[in-house]
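> What follows is the residue order along each chain.
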Amino acid sequence: AQSVTQLDSHVSVSEGTPVLLRCNYSSSYSPSLFWYVQHPNKGLQLLLKYTSAATLVKGINGFEAEFKKSETSFHLTKPSAHMSDAAEYFCVARGGGNQFYFGTGTSLTVIP
Amino acid sequence: GAGVSQTPSNKVTEKGKYVELRCDPISGHTALYWYRQSLGQGPEFLIYFQGTGAADDSGLPNDRFFAVRPEGSVSTLKIQRTERGDSAVYLCASSLGAQQPQHFGDGTRLSIL
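Top to bottom, those sequences are chains L and P. With the numbering used here applied, the first sequence corresponds to residues 1 to 112, in that order. With the numbering used here applied, the second sequence corresponds to residues 1001 to 1113, in that order.
Note that these hints are calculated values from the structure, not bench results. Since we're looking at a predicted model, the values are computed, not measured. In this text, a Cβ means the ideal position worked out from N, Cα and C, and glycines have one as well. Worth double-checking, as some hints may not be accurate.
To be verified - Listing some non-contacts, in silico: residues in chain L with all C-beta distances to chain P over 10 Å:
1. Asp8
2. Ser12
3. Glu15
4. Pro18
5. Glu66
6. Phe90
What the hints assert, rightly or not - Simulated crosslink set (DSSO-like; lysine-lysine; CA at most 27 Å straight-line):
7. L:Lys49 / L:Lys69
8. P:Lys1078 / P:Lys1015
9. L:Lys42 / P:Lys1078
10. L:Lys58 / L:Lys42
11. L:Lys68 / L:Lys58
12. L:Lys42 / P:Lys1011
Taking the hints into account, I'd like the entire structure generated from these sequences.
Dropping the structure here:
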């Protein structure tokens, strides 16, 4: 069975400083992994996806994530936070079927 | 282009009533998904359609919940005898195929009084 753990429910950073949102997955095989962002009262927007082509994945808005099989991690990073990055972020794994398994989310606050 | 459209955006109804939530996927997307998101939680899978058929309905919580997609495009999620615990945001997503990223609508916020 698949599961996704987002290690921090809330992360707060100052504008212009790096962002790190942590995600670990549990699977007996390499899953497809995604990060989605959700702004208030809006639907989920795909940031990036990992599908085994490359372990370092670049997404939109300057975000990146690195797949580390040895650590079963898929952490999301950005070198410099912007005020518009404040939102809820979800790490998602797709298993052998077509179910998407969502983490519980990390709320990112950016301090001016 | 047009994204996934969900109507209504908000629905308030009384306990025991019947509700229908509509999802209009991106044109050409064969896969369609329904999720339920409770406050402070990540979306929880309900059901997945490939074309007109429900390929996986294992996430539906009980037999009060039912979904259809008769022509392989628009889908309707139906909830009978609503309960207060059904209050949540119901999200719909579609994708080009089963292995492709999902594109989400803005959701329907359902409140059961």
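> If a hint holds in the structure, say so; if it doesn't, say that too.
Checked hints:
Annotated as non-interface, Asp8 of chain L keeps its C-beta farther than 10 Å from every C-beta of chain P; the closest such distance is 14 Å. Distance check for Ser12 of chain L against chain P: the nearest CB is about 17 Å away, which clears 10 Å, and the non-interface claim stands. Listed as a non-interface residue, Glu15 of chain L keeps its Cβ farther than 10 Å from every Cβ of chain P; the least gap is roughly 25 Å. At roughly 24 Å from the closest C-beta of chain P, the C-beta of Pro18 of chain L stays outside 10 Å, upholding its exclusion from the interface.
The beta carbon of Glu66 of chain L is kept farther than 10 Å from every beta carbon of chain P, the shortest such distance being approximately 19 Å. Phe90 of chain L, annotated as away from the interface, has a beta carbon of chain P within 10 Å; the closest lies near 5 Å. Annotation: proposed proximity of Lys49 of chain L to Lys69 of chain L holds, straight-line Cα distance about 15 Å (limit 27 Å). Using a Cα cut-off of 27 Å, the hinted pair Lys1078 of chain P and Lys1015 of chain P holds, with the two alpha carbons roughly 14 Å apart.
Proposed proximity of Lys42 of chain L and Lys1078 of chain P is supported: the alpha carbons are some 22 Å apart, at most 27 Å. Straight-line distance between C-alpha atoms of Lys58 of chain L and Lys42 of chain L comes to about 23 Å, which keeps the hinted pair within the 27 Å bound. At most 27 Å may separate the alpha-carbon atoms for a hinted pair to count; Lys68 of chain L and Lys58 of chain L meet this at roughly 15 Å. Between the alpha carbons of Lys42 of chain L and Lys1011 of chain P the distance comes to roughly 16 Å, so the proposed pair stays at or under 27 Å and holds.
Checked against the numbered hints listed earlier, the structure breaks hint 6 alone; every other hint is satisfied.
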